[in-house]
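Top line first, the protein sequences correspond to chains W and H. Position in the first sequence (from 1) plus 15 gives the number in the working numbering. Position in the second sequence (from 1) plus 9 gives the number in the working numbering.
Quick caveat, the hints were computed from the structure, so don't treat them as lab data. Some hints could be false.
What the hints assert, rightly or not - Below, computed lysine-lysine pairings styled on BS3-like, alpha-carbon distance capped at 25 Å:
| id | chain 1 | residue 1 | chain 2 | residue 2 |
| --- | --- | --- | --- | --- |
| 1 | H | Lys106 | H | Lys204 |
| 2 | W | Lys251 | W | Lys461 |
| 3 | W | Lys408 | H | Lys130 |
| 4 | W | Lys430 | H | Lys106 |
To be verified - Each pair of labels, with its calculated beta carbon distance range:
| id | chain 1 | residue 1 | chain 2 | residue 2 | range |
| --- | --- | --- | --- | --- | --- |
| 5 | H | Lys32 | W | Pro119 | 28 to 38 Å |
| 6 | H | Asn285 | W | Lys401 | 18 to 28 Å |
| 7 | W | Leu185 | H | Val316 | 55 to 65 Å |
| 8 | H | Asp298 | W | Arg517 | 34 to 44 Å |
| 9 | W | Arg63 | H | Lys106 | 32 to 42 Å |
| 10 | H | Cys276 | W | Ile338 | 19 to 29 Å |
| 11 | W | Leu158 | H | Thr256 | 40 to 50 Å |
| 12 | H | Glu224 | W | Lys405 | 19 to 29 Å |
Positions of the beta carbon are idealized from the N, C-alpha and C atoms, including for glycine.
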Amino acid sequence: MAVTSTADIGGHTDQSAKRDPVLIGLLAAAFVLMAAYALGILPTWLYRVPEEWIPPTAEMLDVVFAFVQNDLGLIHLTRFIAEGPLEFLLDATANLLYGKRRWPYLGPIPWTAIAAATAVLGYYLGGWKMAALAGGTFVWTALIGQWDIAMQTMSVLIVAAPFAFLIGLLLGIAAWKYKWVDRLIKPILSILQTLPFFTYLLPAVIFFKVGPTAGAVATIIYAIPPMILMTTLGLKKVSPEVVEAGKMSGCTRWQMLTRVYLPAARTELLVGVNQVIMLCLAMVVLTAFIGMPGLGAKLLAMMGSFKLGRSFEIGITIVLFAIMLDRLSKAWVEKQPYHHEKGTPWWQQHAYLLGGVALFVIFYILAQFIDFFAEIGRRQSFSKGKEIDKAIKGFLAIEGVNAVTDWLRWFLNVKVLIPFRNSLLWIPTSAFILLITALTYWIGGKRPAIWGFIFFTIIAFSGWWDRSVITLYTVISAVIISMLIGIPLGVFAARSAKWPRRILLACDTAQTFPSFIYLIPAIMLFGVNDVAVVFAIVIFTTVPLTRYTIEGLRTVPPEITEAADMSGATRRQKRWSVQLPMALPTMAVGFNQAIMFAFFMVIIAAFIGTQDLGQELQRTLAGTELGKNIVLGLNVSLMALTFDLAVMSWAENRKKVLGLT
Amino acid sequence: MKKLTLLATVCSVAMMGAAASAKDSDDPIVIPIHNWSSQIVMSNVVGQMFEEMGLNVEFITTDSQAVYESVRLGDVALELEVWEGAFGASFREALKKGGLHDAGDHDAVTREDWWYPMWTKEACPGLPDWQALNACAAVFATAETGDKGRYLDGPVDWLKHGQERVEALGMDFVVVNAGSAAALWAEIGAAEANKTPVVVFNWTPNFAEAVWPGEFVEFPAWEDGCDTDPAVGPNPDALYDCGNPATGYLKKAAWDGMKDKWPSAYCTLTKISFTNPQIAEMAKLVDTDELEPEEAAEEWLAANRAVVDPWMAACSS
Numbered sequence: 016m017a018v019t020s021t022a023d024i025g026g027h028t029d030q031s032a033k034r035d036p037v038l039i040g041l042l043a044a045a046f047v048l049m050a051a052y053a054l055g056i057l058p059t060w061l062y063r064v065p066e067e068w069i070p071p072t073a074e075m076l077d078v079v080f081a082f083v084q085n086d087l088g089l090i091h092l093t094r095f096i097a098e099g100p101l102e103f104l105l106d107a108t109a110n111l112l113y114g115k116r117r118w119p120y121l122g123p124i125p126w127t128a129i130a131a132a133t134a135v136l137g138y139y140l141g142g143w144k145m146a147a148l149a150g151g152t153f154v155w156t157a158l159i160g161q162w163d164i165a166m167q168t169m170s171v172l173i174v175a176a177p178f179a180f181l182i183g184l185l186l187g188i189a190a191w192k193y194k195w196v197d198r199l200i201k202p203i204l205s206i207l208q209t210l211p212f213f214t215y216l217l218p219a220v221i222f223f224k225v226g227p228t229a230g231a232v233a234t235i236i237y238a239i240p241p242m243i244l245m246t247t248l249g250l251k252k253v254s255p256e257v258v259e260a261g262k263m264s265g266c267t268r269w270q271m272l273t274r275v276y277l278p279a280a281r282t283e284l285l286v287g288v289n290q291v292i293m294l295c296l297a298m299v300v301l302t303a304f305i306g307m308p309g310l311g312a313k314l315l316a317m318m319g320s321f322k323l324g325r326s327f328e329i330g331i332t333i334v335l336f337a338i339m340l341d342r343l344s345k346a347w348v349e350k351q352p353y354h355h356e357k358g359t360p361w362w363q364q365h366a367y368l369l370g371g372v373a374l375f376v377i378f379y380i381l382a383q384f385i386d387f388f389a390e391i392g393r394r395q396s397f398s399k400g401k402e403i404d405k406a407i408k409g410f411l412a413i414e415g416v417n418a419v420t421d422w423l424r425w426f427l428n429v430k431v432l433i434p435f436r437n438s439l440l441w442i443p444t445s446a447f448i449l450l451i452t453a454l455t456y457w458i459g460g461k462r463p464a465i466w467g468f469i470f471f472t473i474i475a476f477s478g479w480w481d482r483s484v485i486t487l488y489t490v491i492s493a494v495i496i497s498m499l500i501g502i503p504l505g506v507f508a509a510r511s512a513k514w515p516r517r518i519l520l521a522c523d524t525a526q527t528f529p530s531f532i533y534l535i536p537a538i539m540l541f542g543v544n545d546v547a548v549v550f551a552i553v554i555f556t557t558v559p560l561t562r563y564t565i566e567g568l569r570t571v572p573p574e575i576t577e578a579a580d581m582s583g584a585t586r587r588q589k590r591w592s593v594q595l596p597m598a599l600p601t602m603a604v605g606f607n608q609a610i611m612f613a614f615f616m617v618i619i620a621a622f623i624g625t626q627d628l629g630q631e632l633q634r635t636l637a638g639t640e641l642g643k644n645i646v647l648g649l650n651v652s653l654m655a656l657t658f659d660l661a662v663m664s665w666a667e668n669r670k671k672v673l674g675l676t
Numbered sequence: 010m011k012k013l014t015l016l017a018t019v020c021s022v023a024m025m026g027a028a029a030s031a032k033d034s035d036d037p038i039v040i041p042i043h044n045w046s047s048q049i050v051m052s053n054v055v056g057q058m059f060e061e062m063g064l065n066v067e068f069i070t071t072d073s074q075a076v077y078e079s080v081r082l083g084d085v086a087l088e089l090e091v092w093e094g095a096f097g098a099s100f101r102e103a104l105k106k107g108g109l110h111d112a113g114d115h116d117a118v119t120r121e122d123w124w125y126p127m128w129t130k131e132a133c134p135g136l137p138d139w140q141a142l143n144a145c146a147a148v149f150a151t152a153e154t155g156d157k158g159r160y161l162d163g164p165v166d167w168l169k170h171g172q173e174r175v176e177a178l179g180m181d182f183v184v185v186n187a188g189s190a191a192a193l194w195a196e197i198g199a200a201e202a203n204k205t206p207v208v209v210f211n212w213t214p215n216f217a218e219a220v221w222p223g224e225f226v227e228f229p230a231w232e233d234g235c236d237t238d239p240a241v242g243p244n245p246d247a248l249y250d251c252g253n254p255a256t257g258y259l260k261k262a263a264w265d266g267m268k269d270k271w272p273s274a275y276c277t278l279t280k281i282s283f284t285n286p287q288i289a290e291m292a293k294l295v296d297t298d299e300l301e302p303e304e305a306a307e308e309w310l311a312a313n314r315a316v317v318d319p320w321m322a323a324c325s326s
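Same shape as in the complex, but just chain W (with noise of 0.2 Å):
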C-alpha cells in the first residue's frame, strides 16, 4: 500500500488535491486580481495598502516599551541585574580567564594550565581522541595568538549556558507540569526560534547596557527554547513502570522529581545541553555586534579592515571550539553513569578529577617562570594571515575563476534575479497573499492556509510590504538554488558508504563556521550585488538539505527496497519510486530547516548590501528604534512560521500516509 501511493513523487497528499476548489478559487482570485492590475482597473488600495491605514505600531510599541521602561521601573530592575550579580558572574570568570582586574584578582589563568585541564576531561569523557581534541583546541587558540579573545568569547559562554541551562529547565518543568503553560510558551517559542538575531540584540542592549552584560543576556535567550524542548519531551518520555517504582518507595513529589523524572530523562536532558551549548557559542560570535569583545569583534574587525587570512583563522577557531564542545557534551550524553564498587578508596573514585587538578597546578606554577607558558604574544605566533590573503587574491586573479564568476554574475543577475524580483514586486499584494495561502493550502492544507493568509495579511498593514518580498525573494531563490546543489549531491553521497561521513563532516563545519565569514568571498567572487547575497545564503542553506537528503535515504526500511529489488525494479527504478518518495518526509525537515537557515542568513547579507528587512533592521541596532526593530524582527518570523508550519504539516501528513511514524 505504501509503496503504491508513493508513485507520485510530485509531493501532495493525492492526486485529488489538484481539482480541490478551495485551491483553483484561491488562485483564480488572484489571477483575477493580477489580470486587473494588468488592465489598470485595480482599485490602489489593493495593489498596496495605503500609507494611511497601516496603524503606528512601531510608534505604540515604543509607547509601551517606554511605559514598561520607566514608568513602571523595569529598567531599574534589569540594569541592577546587569550592574550587580551578572555584571559581578561576568567580571569573575573575566579575571580567571584573561586577566580583567576585578574580583578575584587571580587571573589569567595560564593557556597550558587550561589546556592540560581540558585535555584530562576530554579523556573521561571519550578517551585519547576526546583528549587530543579538547586540548588541541586550546593548544591551536594560543599558538594562533588567539587566546585573549577567545577566553573573552568563553568568559561570556561559562555564564550564559548555565543560566540557559537552568531557566530551560525550569520552563520546560513548568510546561510539563501544567498544560495552561505548555499552550502559553509553545507559540512564544516558535517566535524565539524564527526571530531574527538582530531582534534579540536592541532590548538586550537597551535593557542590559552595553556589552558583554547585553551580549550575556541576548545569549541566554537565544539558547533557552531548545533547552525547553528538550526538557519537556524527556519528561514526557520516562516510562510509567518507573514512575510506578518511585511512586512505591514513597517518594514526595519533589524527590520523584529530582531522583526519578530528571535521571530518567537524562539523555534528552544531556541533548538539550549540547543544543544550549551550540547556540550560545552562535550567538556569542554575533553579540559582537552589540558591543562584545572576543572572537566576534575580532572576526569583524579584521573584516573591516580586509584581513581575510586573519578572519579564516578566527573561524577555524570558533569551528574547533564548537566541535570540541559539541564532541565534549556528546560524548558525555553517551557515557552512562559510573558506579564505584563499595570500599573503593575516595582517590580511586575521583583519579581523573585528581590528575587533572594535578596537571593545573603543576602547569600554573610553570607558567610562573616561563613566560611562554602563560602567554604567547602576538609576534611568537604561528599566525599565517598574510600567506592566506595571498593565496585568496591569487586565487581570484585567475582568469578561469573570473570568467565563469562574471558569466554567472550576469546570467543570474540579468536573466534570473532581478526578472524574479521585479515580478514578485509587481503582484499586487492582495493577489499575493492569495498566492501564498494557495501555495500553504497546497502544500500544509487548510490549518497552515489559515494561518499564512493572517500572517501575511498582518506584513502588509506593517507598513513594510515591499521590503518584505524581497526578503522572500531572496530567500526564495536561494532555496531553489540550494536544492539544485544540496539535493543531487545528497543523493550521490547516500549511494555510498564511506561519502556520507565525509560530506556530513563537510556540513559541520560549514554550519559552525561564523555565518558572516562567508560574506566577504561572496562579495570578492560576485561584487556587491544579489549574486553575492544569494550566494552567501546558498552556502548556509544547501548543508541542511545534503544532511537530510542523506539521512532519509539511509533510513528507508530495507523490507522496502528489498520489496522492490524483488519486483525487479531497475536501480533507476528504485531510487525514483521507492527510495526517494519514502525519503520525502525527511527530505521536508531538511528543507524547511535551509528555509529558516535562509531566513537567517538573509538578515546577515545586510552587510552586503540589500534593500530588504535586514537592512533596515541594521539600521535600528545604531540607535533606539525598539518599535521599528521588533516589527521588523516580527515580520521576517511571520514569513518563516508560513513555511514552517505548511512543511511540516506536509510531512506529517506524508508520513503517515507512508506508515513511518
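Got chain W sorted already, so can you dock chain H onto it with the hints?
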C-alpha cells in the same frame, strides 16, 4: 603585559609622584573602541598614557554612532575620533541633549568622498575631475547597470547622499549601497586582481590608503549651505551638487562628568592632538605590520615620547 603595566605604574609614581593622580578617581576610565584600526590604536595609546598617570582604564567595544549616547550618559568617558562627515550628526544631536561636550580638535583633517584606486586612472585618464569621470561612465558599467557607470556608495545609514549628487549633477551613474565598510574593501580587493576600474566611497585617514594608493574625485568644491540651499553650487535647483568638505574636523568628545572625576586625565585629553601622519602610522602598525592593537600602541608610544610627554607633563603639576 603584566610586567609592562607594573613597569608603567612604577614609572608613573617615579615621574610625577602620587600628587598628580591623587585627585583622580580610582574607577576605571571607560574608553570606547570601534571597528576600525586607527581608532582602536589611538584609544589604546591614550589608555596607556592614562595608565602611566596611574589611572585605571577599561576598553569597551561599541557602535560608532550609538557611542555618543553612551558618552552623554557617562557609560563611557570619552570618544577620541569624532569625524565631521560620518558622526557629526550624531555628535551634534547628543550635544543638544546635553551631557557631553567638545574636548577640542585633532590637528588631523578628514575627508570622505568618491574615490578610486590608482589603476582606474589608466582606463579614465581625465581623472580626478568629476566631468572626466562622467564622460567615461561606460568604463564603470557592470552587468546590472547597463551602459551606466556603477558607483558603490557607503551603507545607506551613513547618509552620504550619493544618489542626490548623481541627480543634481546629471551624472550617468547608478548608485549602489554597500552594506558595510568590509563590503567596500572586498569590492576594491576583488577589482585589484585584474585591475578593473572602480569608483567607491572612501575616506581618509584610513588604512586603505596604504593598501591601495588612490585619489578622491574632485567635485565642485564644497560651499557652506550646499546641503541646505539649492542656490549654492553649480546646479541652482538642487541640493548636494558639490563635493564634501575636503578638510573636515576630527574632534574629541568628553563626558561632562569627566572633568571632575578624573581632572588630570581630562586635562590631558584636551591637550591631545594627533596629526594625519601619526594616525596613519597607528593604523599601519595594525593593518600592515599585523600587530595587536595593544602592542601597536606600545610601539607607537615608545617611538613618539616627544609628542605625548608634554601633554602629560602639562597636566601633572
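Hint check results:
With a CA separation close to 48 Å, the supplied pair Lys106 (chain H) and Lys204 (chain H) exceeds the 25 Å bound. As the CA atoms of Lys251 (chain W) and Lys461 (chain W) are separated by approximately 29 Å, the hinted pair breaks the 25 Å bound. Of the supplied pair hints, the one linking Lys408 (chain W) and Lys130 (chain H) holds, its CA atoms being roughly 22 Å apart against a limit of 25 Å. For the hint linking Lys430 (chain W) to Lys106 (chain H), the alpha-carbon distance of about 51 Å lies beyond 25 Å, and the restraint is violated.
Separation of Lys32 (chain H) from Pro119 (chain W) is about 29 Å and conforms to the stated range, judged on CB atoms against 28 to 38 Å. Our hint of 18 to 28 Å for Asn285 (chain H) and Lys401 (chain W) holds, since their Cβ atoms are close to 26 Å apart. Between Leu185 (chain W) and Val316 (chain H) the CB atoms are about 58 Å apart, so this pair conforms to the stated range of 55 to 65 Å. Range check, Asp298 (chain H) to Arg517 (chain W): about 40 Å between beta-carbon atoms, so the 34 to 44 Å window is met.
A beta carbon spacing of about 37 Å between Arg63 (chain W) and Lys106 (chain H) agrees with the range 32 to 42 Å that was offered as a hint. Remark: the range hint 19 to 29 Å for Cys276 (chain H) to Ile338 (chain W) is contradicted by a beta-carbon distance near 51 Å. For Leu158 (chain W) and Thr256 (chain H), the Cβ-Cβ distance of about 46 Å falls inside the hinted range of 40 to 50 Å, so the restraint holds. Between Glu224 (chain H) and Lys405 (chain W) the beta carbon distance is about 26 Å. The supplied range of 19 to 29 Å therefore holds.
Going through the hint list in order, the structure does not satisfy hints 1, 2, 4, 10.
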